[in-house]
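A.B. asks: Given the sequences, and given the hints that come with them, work out the whole structure.
Protein chains in written order, with my numbering: chain A, 9 to 289; chain B, 6 to 308; chain C, 787 to 1110.
Rather than coming from a laboratory, the hints here were simulated on the basis of the structure.
Treat the numbers as computed from the prediction; the structure is a model and nothing was measured.
One should not assume that every hint holds.
As the list claims (entries may be wrong) - Covered stretches of chain B, as calculated for chain C (at least 3 residues, CB under 8 Å):
#1 139 to 153
#2 209 to 222
#3 225 to 239
Heads up, the beta-carbon is just placed ideally off N, CA and C, and yes, glycines get one too.
Here's the letter readout for the chains.
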Amino acid sequence: MPTRRFSMTTYLAFGFMLLVFVMAVIGPLIVPESWLAQDLRLRNSPPSSASMSLWLGTDSLGRSLLGRIIIGTRTTMVIAIGVLVVSTAFGGALGVFSGGASRRVDDLVMRVVDIATSFPALLLAIVFLYVFGSSQYGVIIVLALTRWPVFARLARAETLRVREYEFVKAYRVLGYSRLRVALEGFIPNVAQPIVVLAILTLGQTILAESALSFLGIGVQAPEVSWGLLVAEGRSYFRSAWWIIVFPGLMILATVLSATYLSDYAHHRAKNSNLTPGEIHV
Amino acid sequence: MRFTLRRLGQALVSMLILFLLVFGATRLAGDPVNIYLPVNASQEAREEMREELGLNRPLPVQIGDFLADIVTLEFGESIWQGRPAIDIVLERLPVTIVLALISIGVAALVAVGIGVVSATHPGSRIDQFQRFLALFGASVPDFWLALMLILVFASMLGILPTSGFGGASYLILPVIVLAARPAGVLSQVVRNSLLTEIDADYAVAARSRGASSRWVVTRHAIRNASLPSITVAGDQLIQLVNGAVVVETVFGLPGIGSLSIDAIQNRDFTILFAIVFVVAVGVILINLTLDVAYMVLDPRVRY
Amino acid sequence: MSDPILAIENLVIEAGGTRVVDELSLSISPGEVHGLVGESGSGKSLTAASIVGLLPLGPKVTGGEISFSGRSLLAADDDELRLVRGSKIGFVFQDPSSSLNPTKRIWPQVAESPMIHKGIPAKQGRALATDLLGKVGVPSPEMRSGSYPHQLSGGMRQRAAIAAALSSEPRLLIADEPTTALDVTVQAQILDLLDDKVRTHHLAVLLITHDLGVAARLCDSLTILYRGRVLESGPAEAVFGNPQSPYTRMLLSAVPTLDDTASGSETSGDRGLSRVPQVGPTGCRFSARCEFWRDACSADEPTLTIRASGQLARCFATDQEGWV
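C.D. replies: Shown next, in the form of structure tokens:
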């Protein structure tokens, strides 16, 4: 029997994600203005314990790196959540629809999904960004365009699996409308793998967004994003290495937590006692 | 043979849909002329471009022209460099191909080595390392890893060049960065598929005939585990293009990844589209190779 | 009967804290076919696996002794067991579509045991495999040798599996439900094949099955297993002719015979009982389904006692002072 206690790493990962979410919400509110003001006397100062704003050093304009990282959290998380919501909703709906539809329709939809998943996502994102323009919303749209097929594929596979369950057929026999069968039958049973994928997507989106921002085609100044911070530090990376290291560590830690949690949720499901056929009355 | 032809046909249809999607994107996001011309172009330049793009013609004709252009590899001239876009792309293609192949090769070697040991010695240090590698490979931002490696090996230790392309030593750091993710993912797949095969009924049957664990792994499990493994390897190879964009940019390698960023910065859509085409062809070729590999490895597929 | 080649004494296998095989004893002599009969969950397959040390993860042998040709198998380590597997003890599995590697041809699997134990080279192995396939009745053996499992029918696959199990001429063959996955018509052929091999090679066979019809056809002696406990065991004529365990009678009544009418099988076996038996940790394990149950059956568990016809049985009701 698997023990119910969580391991140290799980607590750590979960706690960190929580911290990131909290920073995203209240970060811009609690970071003092002074930290973000340009002060050329302080430019490129190394991390010091002199004052909290200097814990992670300053950037080329003398602004507190710690402050900017905290500010950047909101932008990054807004994009990540935005992409998640759009791709889950659109991809999930399409996947469930395809799984419940006729064979011809299903084949057609899956053909499109196959193309979308086989082509390198970043390249496609670059092309679409070119067309739609680089901005916070542009990035959300573009990244959602590259992620929805993954959700569609999962949702469809789950739908096909659950569709054969006895209780689902029972619902149909009882005369439940298709919508009701979907809401009460499918969704509770496909939710778990979708949650696993969603957490993973959160992490992968943060990676993608920071890469785009780093390359200069994602989030644009004066908005702040972790990837953008790393890019800003590139010119000084020999003399002021902290400008690159700390934002990057932030990305790494956040994505590590998300990936770990997603893995954990995945394995927990395999050991759980939830039988897939439970009727939700 | 017929099977391959059918797959080729399907692949072409997929490519067609992809191109139509890009076509749609260019037409939907505002005036297509803006995509090809610099922002401050004059009105007459715009009219000229409009004529050239055939925007005044009926839609079906536009699509037809569009597709015909692709087939004849006519991607237009790069405004930025004043040469046919396709030439520019093909010039920079070899660097990316070399980088990608070396990276996937390194990743595969590492992954198979670690994956096999991990599967045959569950719980060992190598097994734990495998888990860490998979997690790390999937989570580390490649541009940051690249910069870190440059910082340590090139700047501080001075043993490797920071950027440029002049020989094998220039590829060491880029390959390490590029191979990180596929190594992690592949080692996971190799390990898991081996574990599945080792427990399969035919493996137990082999053991009932006196086979040792090593016999079971080398003579039975590896062969069957290679099917899912090469599927993932093919997919990771394609995804390497993503990493190449970043890695080529950071390390200053003249491949099509860095070219795509140059193209965006110079507002050159013709080059971008030519890159998409070349990559699409690459995807098709890789998938076809995979299909052939399946036929070799799995006798059930042949008939 | 010559000295037994396989002797199992009071074997206990535990999984998850419960005994899934509880003090099983049986012995087989060369040339003898011994049937281990029981429903799914009775522990018969685990018993078979434990003989050659191929238990899956979880169940463990916690008591008893298994000896083969006088040597203890339970005390042997994996290296020693490997020498025995295939060469001295052959194993045939239930489903030939999963017990044969689908990506390998037939001959390296049929000749696998000699190739492992005697290191014979590929060419010789292929010739040997072709020869063996012919001997198990596979038509066109040269062609079949080089084929893949999916190209053969179920019956031919099982013949190949039997050829593989016998390739090193073992003294004992363990066959775990060898006919269950096959068509009825093919079942008979496979059983005939096994019968033939027993006779020509003086083979000892442990036949695992849930089907008494199969057992009747081939077995010289039987052990009837229910939920890990031996309920009856002994010579086939005794067990079939004068079954002493109500469970055996129930199994027998389920075997269709020419005399059965359409509803014939309903007149015996489990049915609604007027007094509901209490099933607890003590008492006979078959209580819940036994037509002869009385309170005494739940108070204590009967022991194996020898019966008039020569077999052992575990039942209060049919024993000397019993009520049947």
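A.B. asks: Tell me the numbers of any earlier hints that the structure contravenes, in ascending order.
C.D. replies: 1
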